[in-house]
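Novice: Below are the chains, spelled out letter by letter.
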Amino acid sequence: MLAVDGLGKAFDGLVANRDISFIVHHGEIIGLIGPNGAGKTTLFNCLAGFHTPTTGRIAFEGHDITGSTPEAAAALGIARTFQIVRVFQSMTALENVMVGAMLRNKRVAEARERAEDELAFVGLSHRADTPASDLTVSEQKRLEVARALATEPKLILLDEVMAGLNPTEVREASALVHRIHQRGIASIIVEHVMEGIMPIAHRMLVLDYGAKIADGTPAEIAENPAVIAAYLGE
Amino acid sequence: MLQVRNIQSSYRRVPAIRDISLTLNRGEIVALVGGNGNGKSTTLRAVAGLNALDGGSILLKGQDISAVPAHERVKRGLVLVPEGRRLFPRLTVEQNLMLGGFTTSDAAKREQTLQFAYDTFTVLGERRRQQAGTLSGGEQQMLAMCRGLMSQPDLLMLDEPSWGVAPKLVTRIFETIQLIRQRGITVLLVEQNVHRALEIADRGYVIQTGRVVMEGSGQDLLGNDEVRQAYLGM
Amino acid sequence: MTADILFQVLVSGLLIGLIYALVAVGLTLIFGVMDIVNFAHGEFLMLGMYASFWAFALFAIDPIVALPLTALLLFAVGVIVYQTVIRRILKAPMLSQIFATFGLMILLRGLAQFFWKPDHRLIPHSLVSGNVAFGPVQFGLPQFVAALGAVGVTGALWMFLHRTRLGTALEATAIDREAATLMGIDGQKMFALAWGIGAACAGLAGGLIATFFPIFPEVGSNFILIAFVVVVLGGFGSVTGAFLAGIIVGLIEVLGGFLVGPEYKTAIVLSLLLIVLLVRPRGLLGKA
Amino acid sequence: MTTGTNSSRKMAGTAALLALAAILPLAVTEPSQQNFLILILMGAQMGVAWNIVGGYAGQVSLGHAVFYGIGAYTSTMLLLTLGLTPWIGALAGGLVAAAFALAMGWPCFRLKGHYFAMATIAVAEIMQILVTNSDALEGAVGLYLPMDQSGWGVLIFLSKLPYYYVILGLLVLTVLVSWAIERSHIGYYFRAIKDEPEAARALGVSLTRYKLIALTVSAFLTAMGGSFYAQKEMFIDPGSVFATTISIKIALIAILGGVGRLTGPVLGAVILITIEEYSRTLFGSTGSGTDMIIYAAMIILVAVFSPSGVLGLLGDLRRHLPGAKPDTVKAEKMEIRP
Amino acid sequence: EDEIRIGVIYPLTGAAASTGVELKAAAELAAAIVNKEIPAPPGLIAGVGLPNLKGAKIKLIFGDHQGNPQVGATEAERLITSEKVVALTGAYFSNVTATASQVAERYGVPFLNGESSSASLTQRKFKWFFRTTPHDDLFVGNFFTFLGDMEKKTGDKLRNIALFNENTLWGNETTKLQVKLSEEQKFTIAEKILYPAKTTQMTSEVQRIKAAAPAVIMQSSYLGDAILSMKTYKELGFLPKMLLANDAGFNDSEFLKTMGKDGEFVISREVWALDQAERNPLIKQVNDLMKQRAGVNFNGNSARAFTGIAVLADALDRAGSTKPDAIREALQKTDIPASGLIMPWKGVKFDASGQNELGTGIIVQVQGGQYVTVWPFDVATKPVVYPMPAWDGR
Ligand SMILES: Nc1ncnc2c1ncn2[C@@H]1O[C@H](COP(=O)(O)OP(=O)(O)OP(=O)(O)O)[C@@H](O)[C@H]1O
Ligand SMILES: Nc1ncnc2c1ncn2[C@@H]1O[C@H](COP(=O)(O)OP(=O)(O)OP(=O)(O)O)[C@@H](O)[C@H]1O
Ligand SMILES: [Mg+2]
Ligand SMILES: [Mg+2]
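Residue numbers (the numbering used here), protein chains in the order written: chain A, 1 to 234; chain B, 235 to 468; chain C, 469 to 756; chain D, 757 to 1094; chain E, 1095 to 1488.
For reference, chain A alone in the conformation it holds in the complex:
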């Protein structure tokens, strides 16, 4: 469904992504890992239309979406969360998700129903009427997931949704990703928390200094000497 070919992105001089190619199939869970500053978030930004790639092409469901806008990407079915949470502070949790739901259905009442479902899906129903600014950071991250899901995406990009979670919570988060997969939605997940991502990912991509240095199953990656040297250590 998603084909990235020779993607590169430079910020005046600084190359954040270079010559990255990979493919994502329907419903796949892809783990995206790499050291800090390797270019993971930048890659997300290119996929979701927030940055225009300097080189290369991105195709999604047969459309060339290279350099498209975030709005267009969202309309085509690419949803994302943000590494630094960006919830709508002045709205309640439910209203946050309603904004997402309105992409497919502008009617307020129907968007509300849809949003209630998604809140339940991520386990935030009890917080529906809480102002988003009063949620904990991890709840806000989940809220972002619900909001993204409400846009009925085909592909969801999750940027460090597990950061700062304790092991129990990490397992819950993994389970959530798995349920998203069961809905037939593909996901690409940026994580530093290996315990969270390794068990569920179908495939892992590893970036270092902006370039893809490995692509394979979690098991392969864990053994890959380049990945160990650049990232995993030990």
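Hints listed in this document are in silico derivations from the structure and should not be mistaken for laboratory results. Nothing here was measured: the structure is a model prediction, and the numbers come from that model. Please note that a few of the clues may not be correct.
[Claimed, not checked] Examples of chain C residues toward chain E, derived with CB under 7 Å:
{"#": "1", "residue": "473"}
{"#": "2", "residue": "477"}
{"#": "3", "residue": "588"}
{"#": "4", "residue": "603"}
{"#": "5", "residue": "604"}
{"#": "6", "residue": "606"}
{"#": "7", "residue": "682"}
{"#": "8", "residue": "686"}
{"#": "9", "residue": "725"}
{"#": "10", "residue": "726"}
{"#": "11", "residue": "733"}
[Unchecked claim] Straight-line distance between alpha carbons at most 27 Å, and here's what the computed BS3-like set of lysine-lysine pairs gives:
{"#": "12", "chain 1": "C", "residue 1": "657", "chain 2": "C", "residue 2": "585"}
{"#": "13", "chain 1": "B", "residue 1": "343", "chain 2": "C", "residue 2": "657"}
{"#": "14", "chain 1": "E", "residue 1": "1335", "chain 2": "E", "residue 2": "1304"}
{"#": "15", "chain 1": "D", "residue 1": "1005", "chain 2": "E", "residue 2": "1292"}
{"#": "16", "chain 1": "E", "residue 1": "1440", "chain 2": "E", "residue 2": "1247"}
{"#": "17", "chain 1": "E", "residue 1": "1153", "chain 2": "C", "residue 2": "585"}
{"#": "18", "chain 1": "B", "residue 1": "309", "chain 2": "C", "residue 2": "585"}
{"#": "19", "chain 1": "E", "residue 1": "1247", "chain 2": "E", "residue 2": "1280"}
{"#": "20", "chain 1": "E", "residue 1": "1280", "chain 2": "E", "residue 2": "1292"}
{"#": "21", "chain 1": "E", "residue 1": "1292", "chain 2": "E", "residue 2": "1355"}
{"#": "22", "chain 1": "E", "residue 1": "1130", "chain 2": "E", "residue 2": "1443"}
{"#": "23", "chain 1": "E", "residue 1": "1148", "chain 2": "E", "residue 2": "1417"}
{"#": "24", "chain 1": "C", "residue 1": "585", "chain 2": "E", "residue 2": "1292"}
{"#": "25", "chain 1": "E", "residue 1": "1355", "chain 2": "E", "residue 2": "1378"}
{"#": "26", "chain 1": "C", "residue 1": "585", "chain 2": "D", "residue 2": "1005"}
{"#": "27", "chain 1": "A", "residue 1": "106", "chain 2": "D", "residue 2": "766"}
{"#": "28", "chain 1": "E", "residue 1": "1153", "chain 2": "E", "residue 2": "1246"}
{"#": "29", "chain 1": "C", "residue 1": "559", "chain 2": "D", "residue 2": "766"}
{"#": "30", "chain 1": "C", "residue 1": "559", "chain 2": "D", "residue 2": "868"}
{"#": "31", "chain 1": "E", "residue 1": "1385", "chain 2": "C", "residue 2": "585"}
[Stated by the list, open to error] Covered stretches of chain B, going by a simulated chain A footprint (3 or more residues, C-beta under 8 Å):
{"#": "32", "region": "251-261"}
{"#": "33", "region": "269-275"}
{"#": "34", "region": "361-372"}
Ideal Cβ positions, reconstructed from N, Cα and C, are used throughout, including at glycine.
Put chains B, C, D and E with the ligands on the given structure of chain A with help from the hints.
Specialist: Here is chains B, C, D and E with the ligands on its own, set in the frame of chain A:
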């Protein structure tokens, strides 16, 4: 060194910590663990003076500092390295460090600590003129800790130093914490990486919904079934 | 247009531009440190002018000699304004802050009218009156001294911000107040300092301008729009940017007024601002 | 926005308020008092219109006088040159202003925060200069409306009452538009854009489109207010309809009442216009600036003591009256920087 | 009745407050004289008081229009309907006079304007609007006549002129007239500038004028700009043979006080000058009263404000009633001889449009720190100093 007695604190009248008491002896590493949103950061912020107390008191070296403003507490040797590092991104590495030593009037002493920082973390020395915001995540964390050291603290509080750091660098961070203790500085550590935190800690406290629910030596807590289940995912 | 005239126009533009820069640096400093747009900045300028006027009228102190005094006085005004009003609206939304400083603007005008009457005043002669001629190019000595003062003050401000510990602390407070607190920096003190320095800059500008400009309660309104344009063009919060932008605005205004027609001089400057913003949405040297 | 009972209670309150407004001039018969009421309604109408873009969508325009002026000039020119009734003239003014909003919003919306605000001031100031120097529009001399006509056709009246009802109607229209927007998906999108524009984009919200909608609707309604001004004062010149002081006053009204709330600007207008008029009539004749001092002191007090507008203050009071105590350290936005 | 309320609208705050406050003082002096609180010099029309109204007193109710036309209208409305004034006067700024008088027109309340000079004000076919001061048509016409007279007298050519006017209603109308008259009378306009009022610098303006090298500058400026422009002329070392100012800022009491020597030799159109006391002793006598009361001399503006109230009081007295119609009728029948005024006019008598047809202008020049009358030659007290002496030759 530090005595925290039944403190309470809240955000917009919603209590975040309800009853926290801690004792730190000189030269100890004490870990504070607990799930997301249970009030660990709030505790550190309250001790640092960033959040107002609704009740309770804080004694530093036997003196009640509950009413002392945050910036004064730094002068008295109580320093917090906050969650998310909070560097001054557009200032240089060196300027950041110099600001860390803002309260130290002794220039020679400042210079000495600066040298320690540059010796311990050669990267920082190499990049002293680089803008702090352009460092990699791990480097930023090193810088944040060194900046905290610059004011010659007696007690250093670290809020999730391994947050968002690539696995390879996490080991390095924990080594550094032990190095800091070797300089005679007492450390209060908040970590999601409960396992490693308790490994290096002399003692630990477990916080749940704003209350201390358990305390003990690091090893005891690591061996405790409840803790293992709730926070270590075992 | 002959070379002589062109040269004259450019010199005039440069001189007035430097003065704009001086008026604007204080404004941009306050903004840079605390994200507050001070609508009352023109009134600080007005107070500076009156301070010079009264020093002259009551004690026969020349405005140039009185400059340190004026600066000190306005520093105090800035700190008082901070302590009484601004400190209370630090956490308020941007709009309420606009509201408060707008109120302050009217208040200071009203007070000036109340205490000093709405009359126009002028300092009839000062150490620096008279003209200077360089060949065909002429300009007033007061303007020249004011321009020199602008360079000096901006330079000193820059050195302070970038080369002293206190300056760096101010900058740190600007970037992240809470983090600065964790360095042992008293944010309140820094904010008060920013207002003090910002107002003192306006005071110095006032003292220098008072040597050649009429003084009246509403005089701030003559300068405030241009000061805003300069701050925005330079990039909110950038002292260097304001300095540069001041010169550009002065040159464009005088040159544009001369070539196109004075009735359009302000429109030309504003259009320049819009064009620059379209290309650089954060002004020339604005920080992200 | 909220539950059914709440909104129906709101509706009832609004209806009662409207009824009160409709019969008010029967009690207040003195023309200068009626004039005072009209000024309040005019201020409220401008504030509510501004609130659409400045409050809901969070795009702080300090150049709304440009729309006000366009409205005033369009309807007046049409009346003077073509004899066109202001009923249509005001609509035409709204359309011209809306078109202008589209043209100016396109580039200006690339700017954020204070830069945007400043750009709007610049646009309005430029427009004022251009009109001042336009011979076709009589430049600085201004335009007079015909004094020898009156009636509903030309919307000129000898008494205040008709003006009162016209502006009341316009205010109701403006509030209705604003209310409809608030309840629809557009209102949600506006607030999303205000809070986190990037996140809104990720959810498929086109920033440009929705900001333009906000500005255009707001401009249209503001221009109608401008047409009304011309009809009421019967003389316009660039300084009295394009001035930045008008833009700022419009924003102040909304801020004072409470930004982003439907009835905020109405309350704001009541308070601001009252302060303005009474400080001037009570103290203005001294010539010593006392009226300005009092007016300014009130503004500062309001800004200091109810930073989120009077509605915000009322809300706070209601919520926290029992044992209320102010936060000493406000929860700063917890921002985690990578 | 014993109190007759008159509404007076002036800019008492804002940019023109200094003028407004002066006007207010003059109006108050006139009221005090009418009310016989101050003994009046014999012959002064206002000194008669209001015998036909059984010695009623007039009470001035002031309104502050802040330089804003809408506020002017609001104040007019308030004064008429809630303060119940029987007549209005003011408002100095022509555009505010425009809106305020419209309100008066609608309510059928007499509006006597003493000091707004926009010609269009009396071209509106208003029933209730009267103006004592001559308007810009006359003033601008006087300029050209004066220039013609000067050419004859000196033998110099003064045909090359620069127009330098501020860009509001007043400056605009003046410019239009000047352009029209120049064409009719074969003057060449070397440069025409409409500058934005309240500016920070006038270098570009003065540069342009300097480059055009006119013999005469005709300038309309309010006070702040008048001062700034003079400073800029000097700074750029420029001086025409003659600087013909259109009253306002150049005739403000503050102008000479602040400019000192640098304000010398400016020639300005006026409606009033202290040296006219030589011909009309009332001028000095009333000026002394003003000086006593307010500490300043009259100037053209305040003398006209004074006269406005005096004329209104005269009409009130003759009306013998405070009914609007009666006052209006009395105003229409006004016929005050020159000897009853402190103005160098031929008298006050309104034509059908409400304009005083007996008003005249004089031209004064700053000489030795005083405004002295230099034209018309038959009423001049001093000869014109021509050309203006160079800046350093003073
Ligand atoms: N808008 C931008 N302008 C300039 N440089 C940028 C921008 N965004 C990212 N970068 C740079 O690109 C590089 C890659 O950053 P990116 O955020 O993609 O890394 P990451 O892999 O997500 O790291 P982390 O794990 O710390 O989140 C970094 O050096 C960063 O500073
Ligand atoms: N700025 C804030 N505004 C409002 N509530 C807040 C704020 N910061 C924290 N809270 C609330 O206070 C409680 C404690 O939060 P705190 O950040 O101290 O937890 P923590 O244990 O550090 O969690 P984490 O592991 O996520 O860092 C949570 O319920 C949270 O929602
Ligand atoms: Mg990232
Ligand atoms: Mg925390």
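Novice: Give a verdict on every hint.
Specialist: Hints, one by one, checked against the model:
1. 473: 6 Å, holds
2. 477: 6 Å, holds
3. 588: 5 Å, holds
4. 603: 12 Å, violated
5. 604: 10 Å, violated
6. 606: 5 Å, holds
7. 682: 5 Å, holds
8. 686: Status holds, d = 5 Å.
9. 725: OK, holds: residue 725(C) within 7 Å of chain E, min 3 Å.
10. 726: For residue 726(C), the interface hint holds, since the closest Cβ of chain E sits about 4 Å away, which is under 7 Å.
11. 733: This interface hint holds because 6 Å falls under the 7 Å limit.
12. 657(C) - 585(C): Answer violated: residue 657(C) to residue 585(C) is near 35 Å, above 27 Å.
13. 343(B) - 657(C): Holds, at about 25 Å.
14. 1335(E) - 1304(E): Distance ~12 Å between residue 1335(E) and residue 1304(E) Cα, so the pair holds.
15. 1005(D) - 1292(E): OK: residue 1005(D) and residue 1292(E) at ~21 Å, within 27 Å.
16. 1440(E) - 1247(E): 26 Å, holds
17. 1153(E) - 585(C): Within the cut-off at roughly 24 Å; holds.
18. 309(B) - 585(C): Distance of about 50 Å is beyond 27 Å: violated.
19. 1247(E) - 1280(E): 18 Å, holds
20. 1280(E) - 1292(E): 33 Å, violated
21. 1292(E) - 1355(E): 24 Å, holds
22. 1130(E) - 1443(E): 25 Å, holds
23. 1148(E) - 1417(E): 15 Å, holds
24. 585(C) - 1292(E): 19 Å, holds
25. 1355(E) - 1378(E): Since the Cα atoms of residue 1355(E) and residue 1378(E) sit roughly 25 Å apart, the hinted pair holds (cutoff 27 Å).
26. 585(C) - 1005(D): 26 Å, holds
27. 106(A) - 766(D): 24 Å, holds
28. 1153(E) - 1246(E): 50 Å, violated
29. 559(C) - 766(D): 30 Å, violated
30. 559(C) - 868(D): 20 Å, holds
31. 1385(E) - 585(C): 17 Å, holds
32. 251-261: Contact hint for the region 251-261 of chain B vs chain A: violated, 0 residues under 8 Å.
33. 269-275: Check passed, 3 qualifying residues.
34. 361-372: Since 3 is at least three, the answer is holds.
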